[in-house]
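Protein chains: 2
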Amino acid sequence: MAYETIRSERVFNGILIDIYHDVIRLPDGRETVREIVRHSPAAAILPIDADGKLILVRQYRHAVNAMTLEIPAGILEKGEDPAAGAARELEEETGKKAGRLTFIFKFYSSIGYCDEDLSVYIAEDLISTAQNLDDDEFVTIERYSPDEVFQMIIDGKIIDSKTTAAALYYIASQRR
Amino acid sequence: MAYETIRSERVFNGILIDIYHDVIRLPDGRETVREIVRHSPAAAILPIDADGKLILVRQYRHAVNAMTLEIPAGILEKGEDPAAGAARELEEETGKKAGRLTFIFKFYSSIGYCDEDLSVYIAEDLISTAQNLDDDEFVTIERYSPDEVFQMIIDGKIIDSKTTAAALYYIASQRR
Chain L
1 MAYETIRSER VFNGILIDIY HDVIRLPDGR ETVREIVRHS PAAAILPIDA
51 DGKLILVRQY RHAVNAMTLE IPAGILEKGE DPAAGAAREL EEETGKKAGR
101 LTFIFKFYSS IGYCDEDLSV YIAEDLISTA QNLDDDEFVT IERYSPDEVF
151 QMIIDGKIID SKTTAAALYY IASQRR
Chain U
1 MAYETIRSER VFNGILIDIY HDVIRLPDGR ETVREIVRHS PAAAILPIDA
51 DGKLILVRQY RHAVNAMTLE IPAGILEKGE DPAAGAAREL EEETGKKAGR
101 LTFIFKFYSS IGYCDEDLSV YIAEDLISTA QNLDDDEFVT IERYSPDEVF
151 QMIIDGKIID SKTTAAALYY IASQRR
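In order, the protein sequence lines correspond to chains L and U. Count the first sequence with this note's numbering and you get residues 1 to 176, in order. Count the second sequence with this note's numbering and you get residues 1 to 176, in order.
Calculated directly from the structure, the hints in this document are not laboratory data.
Which copy is meant is left open, so a pair is good if it fits within one copy or across any two.
Pairs of lysine-lysine, DSSO-like flavour, derived with a Cα cap of 27 Å:
{"id": "1", "residue 1": "K97", "residue 2": "K53"}
{"id": "2", "residue 1": "K78", "residue 2": "K157"}
{"id": "3", "residue 1": "K157", "residue 2": "K106"}
{"id": "4", "residue 1": "K106", "residue 2": "K53"}
{"id": "5", "residue 1": "K53", "residue 2": "K157"}
{"id": "6", "residue 1": "K78", "residue 2": "K106"}
Build the full structure now, drawing on both the sequences and the hints.
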């Protein structure tokens with residue numbers, strides 16, 4: 001199907017995001033507006049420890065006004081390779097280096113209106129170093145078995161898309 | 001840990017989203033700014049047909065400039081119950097009514113900076129009605145087995161967070 005962008009106007013220029021109002025032509029020839037959030041790509045990483053437990057970080061998330069349980073993740077630095085970014089975030093947030101890093105998938109967080117993509121990895125054969133948090137990050141580490149994580153997703157104790165998707169991928173793979 | 005919102009200013013008022021710059025106090029007493037996207041809650045629904053295949057919809061997504069393969073989903077109407085919204089989107093996009101609707105989980109799409117939550121359901125015992133798309137929706141329907149969908153996630157043919165998470169939940173449950 002043919003969709004054509006007729007014009008694109010930046011209507012907000014923010015700290016982390018920009019907003020565009022794009023006029024597009026639909027397949028039937030009519031024009032419509034799409035409001036689009038532009039955001040840098042990011043990477044996330046599910047660390048598995050030597051006992052087969054998933055390592056999660058608990059931190060305050062202002063957008064949802066809650067302490068959440070997530071896999072380590074962050075925005076890529078300009079030009080940074082997603083695998084390098086995932087490894088960097090892992091080390092910063094948990095103080096672990098990945099002996100083995102496996103790409104599992106990439107997805108868009110909010111495909112209807114935002115271009116942020118997230119490359120997701122699994123980290124195994126972990127090597128301990130030191131946590132190195134950003135200035136305004138306060139993070140604690142927790143470990144759970146795959147079955148515990150599955151139950152926490154069902155119980156609403158894990159409420160983050162990347163953590164849900166990465167953990168369910170790992171669980172589905174293990175059960176194969 | 002104590003995080004306090006000191007002030008909140010709306011810096012952009014859009015069609016679907018608003019942007020706020022919130023000043024918050026960190027546990028160590030310092031102040032910092034969080035840029036937050038406010039977006040209405042949404043619902044998504046994974047339909048399973050009588051052959052155990054997953055029903056997906058293919059549509060153009062301007063934010064990522066691609067034809068994508070997703071489970072039906074949409075923004076809730078004001079005050080709408082998420083289950084009702086999921087059933088409505090299913091019927092509009094696929095022309096199917098859910099004989100059985102099961103809530104699986106709720107998650108935040110982009111928990112670092114956006115308050116959009118998505119309630120996710122599985123629809124079974126489907127009853128055919130008629131597709132009833134929004135004015136600017138052009139959607140086609142495809143069906144795949146759980147193993148095909150798992151492979152499409154790995155191959156980058158499914159690139160949408162809600163679809164990845166819902167399908168992996170279904171696959172992990174089936175493999176239990």
